[in-house]
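Make the complex out of the two chains shown on their own, each in a separate frame, by following the hints.
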Amino acid sequence: MAATATAPGAPTSRLGKTATEFDDRLIVAGPVRRTLNKVFPDHWSFLLGEIALYCFVILLLSGTYLTFFFDATMNEVVYDGSYDPLRGTEMSGAYASALNLSFDVRGGLFMRQLHHWSALLFVASIVVHLLRIFFTGAFRRPRETNWLLGVVMLVLALLMGVTGYTLPDDLLSGTGLRIISAILLSIPVIGTWAHFAVFNGDFVGTEIIGRFYIAHVLILPAILLALIAAHLLILVKQKHTQFPGPGRTEHNVVGNRLFPTFAAKATGLLFIVFGACAALAGLVQINPVWLWGPYNPAQVSAASQPDWYILFLDGSTRIFPAWDINLPGDYTIPALFWPTVVIAGAMFTLLALYPMIERKLSGDTASHHLLQRPRDVPVRTSLGVMGLTFYFVLAISGGNDVIADKFDISLNAMTWFGRIGVIVLPAIAYVFTYRICLGLQQHDREVLEHGIETGVIRRLPNGEFIEVHQPLGPVDEHGHGQLAYGGAPVPKRMNHVGGSRRAIRGFFSPIEEPSAVELEQRREGRGLSASESDRELTSSGRPSEGGRPSEGGRPQDPRD
Amino acid sequence: MTTHDTRPGSTGGEDTPGPLYGGPDEDYTPERLAGMSREDLDRLGARYDGVEILHVDPGPEPGSRLEKRAVRQVGLAFTLAGVFAFLFLVVYAGSGWFLPEWNWAEEGTTWSALFTPLLGLFMGLSLTMVGVGLVLFTKKLLPHETAVQDKHDGSHFDRVTTGATLVGGLHSTGLARRKLITRSLGFMGAAVGVMLLAPLGGLIKNPNTGNPLGRTSWAEGVRLLRDDGSPIRPGDQEPGSLETVFPEVPGGNLQSDAATMLIRLRPEQVLQDEPREGQADFSYGDYVAYSKICTHAGCPVSLYEQETGRILCPCHQSQFAVTQGAKPIFGPATRSLPQLPITVDDEGYFVARSDYIEAVGPTYWNRERI
Numbered sequence: 019m020a021a022t023a024t025a026p027g028a029p030t031s032r033l034g035k036t037a038t039e040f041d042d043r044l045i046v047a048g049p050v051r052r053t054l055n056k057v058f059p060d061h062w063s064f065l066l067g068e069i070a071l072y073c074f075v076i077l078l079l080s081g082t083y084l085t086f087f088f089d090a091t092m093n094e095v096v097y098d099g100s101y102d103p104l105r106g107t108e109m110s111g112a113y114a115s116a117l118n119l120s121f122d123v124r125g126g127l128f129m130r131q132l133h134h135w136s137a138l139l140f141v142a143s144i145v146v147h148l149l150r151i152f153f154t155g156a157f158r159r160p161r162e163t164n165w166l167l168g169v170v171m172l173v174l175a176l177l178m179g180v181t182g183y184t185l186p187d188d189l190l191s192g193t194g195l196r197i198i199s200a201i202l203l204s205i206p207v208i209g210t211w212a213h214f215a216v217f218n219g220d221f222v223g224t225e226i227i228g229r230f231y232i233a234h235v236l237i238l239p240a241i242l243l244a245l246i247a248a249h250l251l252i253l254v255k256q257k258h259t260q261f262p263g264p265g266r267t268e269h270n271v272v273g274n275r276l277f278p279t280f281a282a283k284a285t286g287l288l289f290i291v292f293g294a295c296a297a298l299a300g301l302v303q304i305n306p307v308w309l310w311g312p313y314n315p316a317q318v319s320a321a322s323q324p325d326w327y328i329l330f331l332d333g334s335t336r337i338f339p340a341w342d343i344n345l346p347g348d349y350t351i352p353a354l355f356w357p358t359v360v361i362a363g364a365m366f367t368l369l370a371l372y373p374m375i376e377r378k379l380s381g382d383t384a385s386h387h388l389l390q391r392p393r394d395v396p397v398r399t400s401l402g403v404m405g406l407t408f409y410f411v412l413a414i415s416g417g418n419d420v421i422a423d424k425f426d427i428s429l430n431a432m433t434w435f436g437r438i439g440v441i442v443l444p445a446i447a448y449v450f451t452y453r454i455c456l457g458l459q460q461h462d463r464e465v466l467e468h469g470i471e472t473g474v475i476r477r478l479p480n481g482e483f484i485e486v487h488q489p490l491g492p493v494d495e496h497g498h499g500q501l502a503y504g505g506a507p508v509p510k511r512m513n514h515v516g517g518s519r520r521a522i523r524g525f526f527s528p529i530e531e532p533s534a535v536e537l538e539q540r541r542e543g544r545g546l547s548a549s550e551s552d553r554e555l556t557s558s559g560r561p562s563e564g565g566r567p568s569e570g571g572r573p574q575d576p577r578d
Numbered sequence: 014m015t016t017h018d019t020r021p022g023s024t025g026g027e028d029t030p031g032p033l034y035g036g037p038d039e040d041y042t043p044e045r046l047a048g049m050s051r052e053d054l055d056r057l058g059a060r061y062d063g064v065e066i067l068h069v070d071p072g073p074e075p076g077s078r079l080e081k082r083a084v085r086q087v088g089l090a091f092t093l094a095g096v097f098a099f100l101f102l103v104v105y106a107g108s109g110w111f112l113p114e115w116n117w118a119e120e121g122t123t124w125s126a127l128f129t130p131l132l133g134l135f136m137g138l139s140l141t142m143v144g145v146g147l148v149l150f151t152k153k154l155l156p157h158e159t160a161v162q163d164k165h166d167g168s169h170f171d172r173v174t175t176g177a178t179l180v181g182g183l184h185s186t187g188l189a190r191r192k193l194i195t196r197s198l199g200f201m202g203a204a205v206g207v208m209l210l211a212p213l214g215g216l217i218k219n220p221n222t223g224n225p226l227g228r229t230s231w232a233e234g235v236r237l238l239r240d241d242g243s244p245i246r247p248g249d250q251e252p253g254s255l256e257t258v259f260p261e262v263p264g265g266n267l268q269s270d271a272a273t274m275l276i277r278l279r280p281e282q283v284l285q286d287e288p289r290e291g292q293a294d295f296s297y298g299d300y301v302a303y304s305k306i307c308t309h310a311g312c313p314v315s316l317y318e319q320e321t322g323r324i325l326c327p328c329h330q331s332q333f334a335v336t337q338g339a340k341p342i343f344g345p346a347t348r349s350l351p352q353l354p355i356t357v358d359d360e361g362y363f364v365a366r367s368d369y370i371e372a373v374g375p376t377y378w379n380r381e382r383i
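Chains as they are written, first to last, in our numbering: chain A, 19 to 578; chain Z, 14 to 383.
Okay, chain Z solo, but in the shape it has when bound (with noise of 0.2 Å):
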């Protein structure tokens, strides 16, 4: 409903059309635009917008060689897009058809080596190629104007009037008077809102029952398995070599926290080792069993340095020293490498003594608590 309708409806009468949505039509009728040129009409609408036209430096000149030249520049950049385009088609579409199979087969072909780069070859350039001819067509045939528009303030009518459109319908709401409603309302609204998100709830676990963090596979008589599942003996590694190893259940080489290095020391080494507190007889002769699990951000630290006996984890450089029982030496790192007792079963297999008596991995908050 507008403020002065007559038109057929409610109140009935002649229909007369309502009033025009935006520019001034008052000003300009339709006779008057009529007469103005195309130009004369884009300049009106702009600054109607508030857009001044400062400078217009028109293209080349048509029909001179200037222009002839960019029109033929763009033209070719226009064409040999397409061209790559269909170049792209032809080796997407045409391997294994009339061009050698894309794919791997038991062992790459040139072709199958040459499918991706070619693809990748032909979309970049036939995009590229889109892109040039759009600048080029830009800086060279269109006209380079400079327009000015104007940035306006917010407006001091607008701010006065929505705000008493604002306080008023508040004002009519009561809101301020009647503190039932809002009190209430604010109850409601911290109620529902705990209600709606209560659902991710579903997602909290307590980490503390259960099996709790650290705890691994490993217990008394578990054998340490090489990652093949096979058994390994006192003898079976040179001095100083290290064997990656895993608790015998089932999925024991998959499991996050039971990797555990078995290091043999040289015997020059074995003179020189210094082990925990306490944990002088959890190695086995010059065998020593030490967890992967790197006790900084839980990488597996794979690099050992038979020369210095250093392990070296490859993700944050932490260095631990197999002979001081794998205490770290330099790095972020500051915890030894939990180590696990081992001992030899009755056929003369490794076996682990126990659990790690310390749970393995990254540092947590209460970690010395469980």
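Just chain A, with the same shape it has in the complex (with noise of 0.2 Å):
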């Protein structure tokens, strides 16, 4: 573009001129404003996926410091570091080093302790976000992909997890790393086979450590990030999901745009998703490996537990039956098999079907872009109770020693308690949640027909005492309410339909001219004055026509 300093409109200030510099080169003005001008809805839920990416960043970042110094050796070397209690002692460079980065680099145990805590909570965001997913229905059409895209950036999270949970080689990792060798061997025909190719020859060897190494800091990491990439690309492409309500349609979307109140916000996150792993890397103390010592495959604590999202997987371990499969020829299915990787299989495997599953069983085959509540999907609903149920069973079983010895149980009765809870609770759990789906649809269809309760008993002439109810819009003859559910939730306090004004602002004095508060409340139809303003009667006591809340008008009087 051949812009002069006279052309109308050229760009006068220095900002102006640079941009339009940028831009002629590269020729990037339309897509950048398409970007800035894109809409997100706006939900605290929708967050959640945020923070999983947040924490992640923070782990490229911590862990790619915590390489500087990390060795990943099992070479045998004598401990002569800063910590008193295990100097002299004989240990692999990999512990040593993760000693020498607790106490002998400045702020490496901070930072140690920043990658182990932005890890948990990487993973426990997932699984949120999976279950904002899944009880709102948002894998629907057209967003298998991306639930599929999850639940396997969810299994890499996790191997990430285990991979670098071993890599100190302290006694507690190593005593995982045991059980993930038994594992292996436990796969029916293959398993020495996958066990020696994955340790180079039995247990322990001297490669592992490095091999989980490359695999923690770049195969998952690199397959990882190019997931989240397409997983996000998919997103702004599909567009986000929205929660019904006024406005919103399957064609549009309702919220902020990108510049500059979202980014605003999803900044904001960052820092304080990024502040509170600092302040728990800092306050609170995670795996202080120093404690458990060298890996001894002699040793072991008591409540050796994995991190919190492999415990379900302890669990479901702990409690299976002793049941080896013996076949004919001298072969063996080890017990071991099942409650690893035929469960952990099963689980995933059915996590990343379920939109086929469902779409199988509903008939429902249209493309969704209006979310649900889960009370109006109760069967979908009571699985998903049911499968957490199912979860959080083997993961309290998972902890079953640490239980029965704080509240002196006996740990034979809480092996048993997972055993057959396991097995009755997602029952119950299903049932329960079923009924309390229902319920609440019908609560939502009265309020909708007879109004929100107000808590005002009237006493008739003729003795009788009635509650009376606020109608949410216009009313037939027999003062039935008319508005169909729409899928949004439905007021249930006068408050959420203006019965008070809001406070005026201002903490030791008011810092707003009450009259303008005033004011704006009653152009919104607001607070107990609104209504004495224009208030109507018909002779029977009620308003000849109602407005609908959503149209801006205030809700009709109160009715008996």
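Since the hints were derived computationally from the structure, they do not count as laboratory data. Among the hints, a few may not be true.
Straight-line C-alpha distance at most 20 Å; calculated SDA-like pairs for lysine to any residue [unchecked claim]:
hint	chain 1	residue 1	chain 2	residue 2
1	Z	K164	A	H61
2	Z	K152	A	L65
3	Z	K152	A	H61
4	Z	K153	A	R520
5	Z	K81	A	I522
6	Z	K218	A	N218
7	A	K255	Z	G95
8	Z	K152	A	E538
9	Z	K152	A	W62
In structure tokens form, the structure reads like this:
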């Protein structure tokens, strides 16, 4: 573009001139505007995936720092660092470097704990994000691809956790590694081959820490990074889902534009997540490897537990009965195979395929961009709670020795609780959830038909006491509401429909003009003053016609 | 090359500007745009992107007490973030300079115990205050706008034309007719793919050759040593006690499968003892020796309850009865702990009579066949 200083609309400010120079070369004004104008819907639950993303950023930064000091070798060295109790002890180079990182690198312990805490939070936020997607039906067409990517990323995150947990080569992680080795061995037919391929021989060998290290710092993060990019690109392309509400349809997105509101909020969240991880990293000790000591196959500490996200597999392993399957020819399928490989495989396969299963069962193949409230889809919600109950019984069983110890319960009783509970409790949870969903649905309908309970009791001339109800919209001759349920939350309290006016702001002294607030409230139709100003009563005490709250009008007068 | 190229080049001619990229510049001349306000331009661009600004709730009135308070709050948050960041730097860089040493010397000082918590506290507070400031700014000072963006379905035009291009390209290759090429391509793809993966074969090792799984260094005449390397005589242990022993070979106390529990039974346990079939002579007097490696997942079974004679694995709570040949009596383990046959040598120290007669450690597919 041959822009001259005299052309109309030519930039005069220095910033404008710089921007023009850029656009002359790159021609990005159009795409940048489209990006800045992109609308994101606003709901707290849409931030859960962002938390996972920010945790990943923290993990990349802190993990890179750790690699400057960590030495992934299993060569035996004699520790000669600052930590007195272990000085002179033989240990692997990996453990020694983890100790040096904790005691001899300025701020190294802080960074190690930052890495561990953000890893815990990373998996946690993925799981909670997944639950939000599941219970609101956001995985439905056209978003099955992103659901699948998400489940794959969850599995990768778990693998990242397991490989990272193993690296310090302390007593606790070595015990975990021993169990990983036993799980590999338990795979029928190829178990020993798989074990020898991964460990380069019998347990423990000299290779495994180095192999886990490269998987942990290069292979898995690279795949994860690529999948995150694909996940976000698909999200941007398909646009975010939204909850039903006024003006929201299957063909639009209502919310804030990327710039400045959404960008400011997202950046704020990034810093808050980072701050929370940093505070945890400094103030709350996590995995003090120097207390566990170097790995020794003959030693173990009581209450050896994995990080929380593997707890459910430890639990399933603990409660699974002692059922080896002996096949003819002296072949065995070890009991360990079922609660680890099979259960984990089945759980993640079911999770990954759930959108297809639901589509098959419900016959709903349409595209959906509006989310569902969990109560409106009782079968899915109950299935989800059923799965969660199954998961929680397993997770509790993963710590059953600690619970038995702290609450003075028999360990065997805890095991039997897990064995029975894992079968019985999910079914009970299903029934309860289903009933609760139906109850909530009915209550929504009842409020739409009869109005909100005001808590005002009125005595009729014949002596009968009744509660006054506030209808939400126009009523028919019987006083029944005519609003249909639209999938959005139904107001259940008077304040939800503007029953009281908001407080005047200011802590020590008011910083708003009370009269201005009064006027604003009257404009919005809130509060007592609004209803007093233009109350229209018919002879029967009912208004001649009502306005829907969503139309900006104040709700109707209460009725009996 | 554009579709109507008259610029200098292979064809010669005058330099005239090419078509513009993107926006509807035909409809909106620079003069017309110059006449519009910034707000109008913003909305125009938004509308062009399918975004309608429905409603703008302006922020607090400039100069009002409401605005002043919000500005103070945001400013305070950002200032505090800077202060805490500075404090972090003071703790980080000042330790060992004008503050006490941060690292643990022989015994930790108060400051070295506080160092990491203070780093976390100040960095956490600093970053959180940045976030809080941004959130306050967004909520209290930015105008709240409600925007609606259209969501577009796929275009039939795009599908049909793209499909035509794809199919047309495929058609010009003639692959559908030239079967030899598709077949050789398929063969080539499979073979090259396998070739590229083949080097991973270096990972594969045969587990059935050499020193098989579950074999240990125990052998006839190998002494039982404590962790510190001292041999054990009968009578060294109290009845009812347990000692972890290792084979007398170099590095024996670090071998992953050799760890063994030497248990001296109490007299009444000796009477109850029911060893496994054919293993009655594996014990020596009131001493029995069992593998310490759990037959379930390979953890060391290290919790021995003297009263009940049970050995508990702390990983998955399998329980083994010492007086019943270390049979699993609760939990997920399926096999007894292998028993090591022991005796004493000429000098009166415990020795093994042979290796374990079965593989120690977790069960696997062909364990019984080894």
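Okay, the hints, checked on the actual structure:
Distance hint between Z/K164 and A/H61 is fulfilled; the C-alpha atoms sit about 19 Å from each other, no more than 20 Å. As the CA atoms of Z/K152 and A/L65 are separated by approximately 16 Å, the hinted pair is consistent with the 20 Å bound. For the hint pairing Z/K152 with A/H61, the CA-to-CA distance comes to about 14 Å; that is within 20 Å, so the pair holds. At roughly 16 Å between alpha-carbon atoms, Z/K153 and A/R520 fall within 20 Å of each other, so this suggested pair holds.
Proximity of Z/K81 to A/I522 is assessed by CA-CA distance (about 16 Å); at most 20 Å being required, the pair is judged to hold. Taken as a hint, the Z/K218 and A/N218 pair is honoured in the structure, with Cα atoms around 7 Å apart against an allowance of 20 Å. For the hint linking A/K255 to Z/G95, the alpha-carbon distance of about 38 Å lies beyond 20 Å, and the restraint is violated. Between Z/K152 and A/E538 the alpha-carbon distance is near 19 Å, which keeps this suggested pair within the 20 Å criterion.
The suggested pairing of Z/K152 with A/W62 holds, with an alpha-carbon distance near 14 Å, which does not exceed 20 Å.
Comparing the model with each earlier hint shows a violation of hint 7 alone; every other hint is respected.
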